[in-house]
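Q: Chains as they are written, first to last, in the numbering used here: chain A, 56 to 381; chain B, 5 to 343.
It should be emphasised that the hints constitute simulated quantities derived from the structure, not laboratory data. We put the beta carbon where it would ideally sit given N, CA and C, even for glycine. Where hints are given, some of them may not hold.
[To be verified] Here are a few chain B residues that face chain A, going by a calculated C-beta distance under 10 Å:
# : residue
1 : V58
2 : S80
3 : N104
4 : V122
5 : P184
6 : L322
[Unchecked claim] Derived DEER-like restraints, expressed as beta-carbon distance ranges:
#  : chain 1 : residue 1 : chain 2 : residue 2 : range
7  : B       : K73       : A       : L302      : 51 to 59 Å
8  : B       : N310      : A       : A178      : 52 to 60 Å
9  : B       : H65       : A       : L177      : 25 to 33 Å
10 : A       : T201      : B       : G320      : 13 to 21 Å
11 : A       : M141      : B       : H65       : 47 to 55 Å
12 : B       : D217      : A       : P350      : 19 to 27 Å
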Amino acid sequence: MWLLKNIPNRELILFFVITSLIFSLFSSTFRSAGNVENILIGFSHLGILAIGQALPILMRGIDLSVGSILALVGMVMFDCYIIFHMPGYVVLPIAIAVGTMAGVINGILITRFRIQPFITTLATMAAYRGLTYAISGRQLVPESATQAIDDNLLGLFDEFSGIFPYSFFLLLIVLAAAQYILSRTRIGLDLYSIGGNPEAARLCGIKVDKMIIISYGFSGFCAALAAIVMVSRMTTSTENLGIGIELTAITAAVIGGISLQGGIGNAIGPVIGAFLMGVILVGLTLTGISTYAQPVITGVILIAAVSYDRYKYYKLRSKNSAGESA
Amino acid sequence: MDLKYLIKTIQSVAKNYRSNSGKKVISSLLKTCVVGSFLSIGLNTANAAEKKMVFIQFQPHTVSLAWSKGIEEVLSVQDDIDYQLLDGQGKVDVQINLMNTVINQGVDTIFIQPVDSVAISPAIKKAKRKGIVVITLNINATAKHAAHIEMNHYFGARQIAKVMGEKMGGVGKVAILNAPPGIIIRDQRTNGFIDGMKEYHPNIKIIANQVADWSRKKAQDVFSTMLIANPGISGVYGINDSMALGAVDVAKAKGLLDQIVIFGNDGERDALESIERGELSGTQYTDVYQQGRYAASIASVLATGNVDADDIKEQGHLLMPYIIATKETVADIKIEQRW
Chain A
56 MWLLKNIPNR ELILFFVITS LIFSLFSSTF RSAGNVENIL IGFSHLGILA
106 IGQALPILMR GIDLSVGSIL ALVGMVMFDC YIIFHMPGYV VLPIAIAVGT
156 MAGVINGILI TRFRIQPFIT TLATMAAYRG LTYAISGRQL VPESATQAID
206 DNLLGLFDEF SGIFPYSFFL LLIVLAAAQY ILSRTRIGLD LYSIGGNPEA
256 ARLCGIKVDK MIIISYGFSG FCAALAAIVM VSRMTTSTEN LGIGIELTAI
306 TAAVIGGISL QGGIGNAIGP VIGAFLMGVI LVGLTLTGIS TYAQPVITGV
356 ILIAAVSYDR YKYYKLRSKN SAGESA
Chain B
5 MDLKYLIKTI QSVAKNYRSN SGKKVISSLL KTCVVGSFLS IGLNTANAAE
55 KKMVFIQFQP HTVSLAWSKG IEEVLSVQDD IDYQLLDGQG KVDVQINLMN
105 TVINQGVDTI FIQPVDSVAI SPAIKKAKRK GIVVITLNIN ATAKHAAHIE
155 MNHYFGARQI AKVMGEKMGG VGKVAILNAP PGIIIRDQRT NGFIDGMKEY
205 HPNIKIIANQ VADWSRKKAQ DVFSTMLIAN PGISGVYGIN DSMALGAVDV
255 AKAKGLLDQI VIFGNDGERD ALESIERGEL SGTQYTDVYQ QGRYAASIAS
305 VLATGNVDAD DIKEQGHLLM PYIIATKETV ADIKIEQRW
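Just chain B, same shape as in the assembly (with noise of 0.2 Å):
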C-alpha cells in the first residue's frame, strides 16, 4: 500500500511538472507532505503490536536462501510477525549498517551469518542493550548473543573421513579442495577430516591442500593440476559441494571417476544428484530449511514470551543433525527435503 502511494504521488507530481506550473509542484508536494505523514502516524499506530525479524544473510546463496525460507514457513503461521530478508553484499561494513538500521528500526530480532565474527560484535552488542535478540547462523560472533546455530562442521568432516577411507579400503593417498582463510567453517572441516583420518585410517596420507575459492570453476583448474603433481591420488574431500563437483568434473573428463573416491561437504541438490548418477560418491547432508526453521522457532518463542536479550544469561548453541549421503543413504533424503 505504500508504494501505491508513492508511485501515485511521483505520478501526480510529474503531471504537474509538464503542465509546467512551479507553484502547482511546490503545492501538491506540501499536499503530499501533510497528506503522507497523516497517513503514515496511522500505519504506525496500526502496527504496534506487530513483532519485526529481520534475516541479515552474509550474500544471496543457496544456503542463506533455504534457511530464508525455512524461517519464512515457521514465521507466516504467525499472523503478527513481520519478515524481512536483508543482503550483506559479503561486506563488513554493509553489514554493520544494516544492523544499526535495524537496531534503531526497533526490531524484535535479528537472524544474521556474519561476514566477520570480530567485526560484527560491536554492533551485536549494541542491539543487546536495546534488549533485540540475535541468532547467528553457521558463523558465530565473539560477543556473546542469545543462540548460535551451525552444522556440524567438525564432526561431519571426521565421520566423512571414516566413509571416504572404508570406500578406499583404508589405503592411499587424499587431496583437500579448500577455502581461503579467515573463516571459522573452513578449519573446522578441515581439521575434522584430518583428525578422522589419524584416528580411523592411519594408512591414508593427505598429500595435498589447496585453495579452490569455494568455486567449481576454480576447482576444475586447481584438481587438473593437483592430478599433474601427484598422478597417484585416490581420494578428493571439497570442503564445501561445488568444489568437490568441480573434481568431479575433471574425473570424467579424464576417465578417472571409478578410480578416485571424491566426497563432498553440504549436500546441495546438485550433490545429491551426482550422488545418485553415481558420481559423487558422497557428501555430509544437512536439511537447512529445518536449520531456518529452528531458528526461527526460537526467535518466536522468545519474542511472543517477550524474553528481553539481558534475560539471556548464557548463549544458545545448537548443532544441527546430519547424515553422510552416499549411494546407499541418499534415498533416505527426500524431496522435500532438498535444497
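Chain A with its partners taken away, still in its complex shape (with noise of 0.2 Å):
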C-alpha cells in the first residue's frame, strides 16, 4: 500500500489504462500494434511540448507562443534546406538555436518589461508567426512549395526502430533530462521554490529573473524540437503549423497534473496527458464516435482534470494551514 502511494501520477495513469481498455474492448484496431505505433509517433511531439511547457508553468507564467516558436522554427528549417541547399547535419543545430533563442526573447522580455506572460508570450505569439509568413520561401520562392525535404537525417523522426519510432526516443530523452533538473539539481529546487512563493524565493536570494529566462529558454527548446519532428513527418513545413497546438500543450501539461497556481508537477505527468489526448482521440475516430463529439468530449476531461488540480490545492492548503494553527 505504501509503494501505490507514492508513484507518481497515479490517478492519471489508472485513468489513462482505463481509458486504452475501454477503446481495446470496442475496436480490434486500437488493441493492434500497429496502433500503438501511430499514437507513439503521432503524438511524441505534443509530449515534448508538453514537458516544455510545464516549466512556465511551475513557476506561474505560460507560454502561449510555442505554436508560432514551431512554425518559425519549421520554416527556418524549410528555407535552410530547400532554397539555401543546407545539409540536414548543418539544419538542426540551426533550427534549435532559433527556437532557444525565440523562447530566451519570451523570457528577456518578461523580466525586462515586467509584463504579464500571458500577455508576452500572446504578443510574441503574432509576432513569430507574422516573421514565419515573412520568411517563408514558399511565397518568396513559389515553385519551392511542391519539392519535399528528403534529407535522410532530416526524415529520422519518421522511422521506427522495431515498433517504436525514433521521435519516442527523443521523447524519453527530453522526459530524462528534465525529470533530473527538476528532482535533482538547483535549478528544479529554485523553480518549485519560485512556483511556491516567488517573493519569497527572491528574499531568499534566488535569481527569479535568470530562473524565468532558463524556463522559457527550455520551452522554446522542446518547440524547436517538436518542430524537428513534425517537419520529418510532413517532409515540408507550412506558414500555418502548430496554430492551437499551445493549448493542446496546456492542456496536456494542467491534465498531467502541472498546478496552474504554480510550484506543483513532474515531468512525467504531461507526458501521460499527451499520450492519454491521443488515446482518446485516436479511440474516439476507431469507435466511430461522430466528429463532432470529440472536441466536447477533450473539453470535458480538461474541466475534470482542472477540477481535480483545484481541489488537490485547496487540500493541500487547508492541510498546511492546519499545520500552522497547531
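Got two chains here, separate frames each, mind docking them using the hints?
A: Here you go:
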C-alpha cells in the first residue's frame, strides 16, 4: 500500500489504463501493434511540447507562443534545406538555436519589462507567426512549395526501431533530462520555490529573473525539437503549422498534474497527459464516435482535470494551515 | 449498439462505486473485459465482408458537407459499405494522424481534401503501399494516388473574366479580393482570371489584388479601403462567394450597386439567391453534391471490383462541369442542386 501511494500521477495512470482498456474492448484495431506505433509517432512531439510548457507553468507563467515558435523553426528548416541547400547536420543545430533564442526572448521581455507572461507570449505568438510568413520560402520562391525535404537525417524521426519511432526515443531523452533537472538539481529546487512563492524565493536570494529566462528558453528549445519531429513527418513545413497546438500542450500539461497555481507537478505527468489525449482522439475515431463529439469530450476531460487540480490545491493548503495553527 | 453497451457498463460501474465496495468495482470491470472482448470479436467477424470508406475533410464548411452528402447518397444504397466523416481541423498534423489511424484500421477508400499538398504525401504513399485507394477533392497531393476530382478553377475563372468584361462593356478598372497565398486554388483562379481578361478584354485593367482571407467580414473592410484608394473601380472579382458577397454589402451601403459588376466563385446558395435579387452579378457554379457523387462512384467501382491501389498506374483527374450563373442563367440551377 505504501508503494502504491508513492507512485507519481497514480490517478492519471489509472485513468489512462482504463481509457485504453475500454477502447481496446470496442475496437480490434485499437489493440493492435500498428495502433501503438501510430499513437507513439503521432503524439511524441506533443509530449515534448508539454514538458516544455510545464516549466513556465510551474513558475506561475504560461507560454502561448510555442505554436508560433514551432512554425518559425519549421520554416527556418524549410528555407535552409530547400532554398539554401544546406545539409541536414547543419540545419538541425540552426533549428534548435532559433527555437531556443525565441524562447529566451520571451523570458527577457517578461523579466525586463515586467509584463505578464500571458500578454508577452500572446504578443510574441503573433510576432513569431508574422515572422514565419515573412521568411516563408514557399511564398518567396513559389515553385519551392511543392518540393519535399528528403534528407536522411531530417527524415529520421519518421523512422521506426521495432515498434518504437525515433521521435519517441527523443521524447524519452527530453523527459529523463527534464525530470533529472527538476528533482535533482539546484535549478529544479529554485523553480519549485519560485512557483510556490516568488516573493519568498527572491528574498532567499534565488535569481528569479534568470530562472524565468531559463524556463522560457527551455520551452522554446522543446518547441524546436517538436518542429524537427513534425517536419520529419511532413517532409515540408507550412506557415500555419502548429496553430492552436499551444492550447493542446497546455491541456496536456494541466491534465498531467502541473498546477496552474505553480510549484506543483513533475515532467512525467505532461507526457502521460499528451498520450492520453492521443488515445482519446484515436480511440474515438476508431470506435466511430461522431467527429463533432470529440472536442466536447476533450473539453470535459480538461474541466475534470482542472477541477481535480483545484481540489488538490485547496486540500494541500488547508492541511498546511492546519499544521501552522497547531 | 456499441455505444449503448458502453453507457450501460459505465452506469453499472458507477453504481458499484457508489455502494463503495472496491472489490465489486474490480470484479465488474473484469467481467466487462471478458464479455466485451467476446462481443467485439463477434462483431468483427460479422463485419468482415463490409467495405469501409472515410472522408477526411479540411475542416467543416459548406463545401465539404455538401461533398459528404453526395458521397453518402451514393454509398447508402449499397448496404455493405460503411462510411465515416472525419474532421481534419484545418491542421496538417491532425490530417496525418487521422490518415495513419484509418490506414491501420484497414479501410478500403480514403477521400481527402488535403490541408497541404506536400505534407500529406508521405501518408498517401503509406496508404498506397497498403493497397488503399485515395481520392483527393479540390486540392491535389504531390504523391500519385488513385484520382483527383476538382472544380474547374482555371477555365472557370477565365470564363468569369469573359462574362464579367461583357457586362462591364469591355472597359474599366477591376479589383480582386483574394485568398491568402499557399493554396493552389488561389493561383489557379487568379491566373485564370488575369489570363481571361488579357485575352477577351484587353482594355480592362486589374488595379488591385488584396487578401481578404476567404471571409465576408474581412472582404467588407478590404473593399471599403479599396474604394477610397481607387474611386473608379467598376468591377470586383472575389475568388470565393463569401468575399464577393462582402463587396456586395459595401456597394449596397454606398449606393454603388448599379455601377459595379461583382463576380464570385463556387456557387453557394447565398450567392445564387443574391444573383436572383439582382445584387451579385454572377458566379461560377459547380454542383458539389455531384462532385461528391462522382468521387463515391469511382470509389465504389474500385472497392467492389477489388481493385488494389497498386493496380492503378496513372492517377485519374476529373474536372467538374460548371456554368457561369448570372441573372439570365441562374434559374437553370434546380433547388435540389443548390448547396
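Q: Now, for every hint given, state plainly whether the structure supports it.
A: Quick rundown of the hints versus the structure:
1. Taking 10 Å as the C-beta contact cut-off toward chain A, the hint placing V58 (chain B) at the interface holds, the least distance being around 9 Å.
2. The restraint placing S80 (chain B) at the interface with chain A is violated, with a minimum CB-CB distance near 16 Å, outside the 10 Å limit.
3. With a cut of 10 Å, the hint placing N104 (chain B) at the interface with chain A holds, because the nearest CB-to-CB distance is about 5 Å.
4. At a threshold of 10 Å, the smallest CB-CB gap from V122 (chain B) to chain A is about 4 Å, leaving the interface hint in force.
5. The criterion of a C-beta within 10 Å of any C-beta in chain A is met by P184 (chain B), whose closest approach is roughly 8 Å, and the hint holds.
6. Hint status for L322 (chain B): violated, given a least beta-carbon distance of 21 Å to chain A, over 10 Å.
7. A hinted range of 51 to 59 Å is violated for the C-beta pair K73 (chain B) and L302 (chain A), which are about 31 Å apart.
8. At about 57 Å, the CB distance of N310 (chain B) to A178 (chain A) agrees with the hint of 52 to 60 Å.
9. Checked against the given bound of 25 to 33 Å, the beta carbons of H65 (chain B) and L177 (chain A), roughly 27 Å apart, stay inside it.
10. Separated by about 20 Å at the C-beta atoms, T201 (chain A) and G320 (chain B) satisfy the suggested range of 13 to 21 Å.
11. For the pair M141 (chain A) and H65 (chain B), the supplied restraint of 47 to 55 Å is violated, since their beta-carbon distance comes to about 39 Å.
12. Hint check: D217 (chain B) to P350 (chain A), Cβ distance near 23 Å, so the stated range 19 to 27 Å holds.
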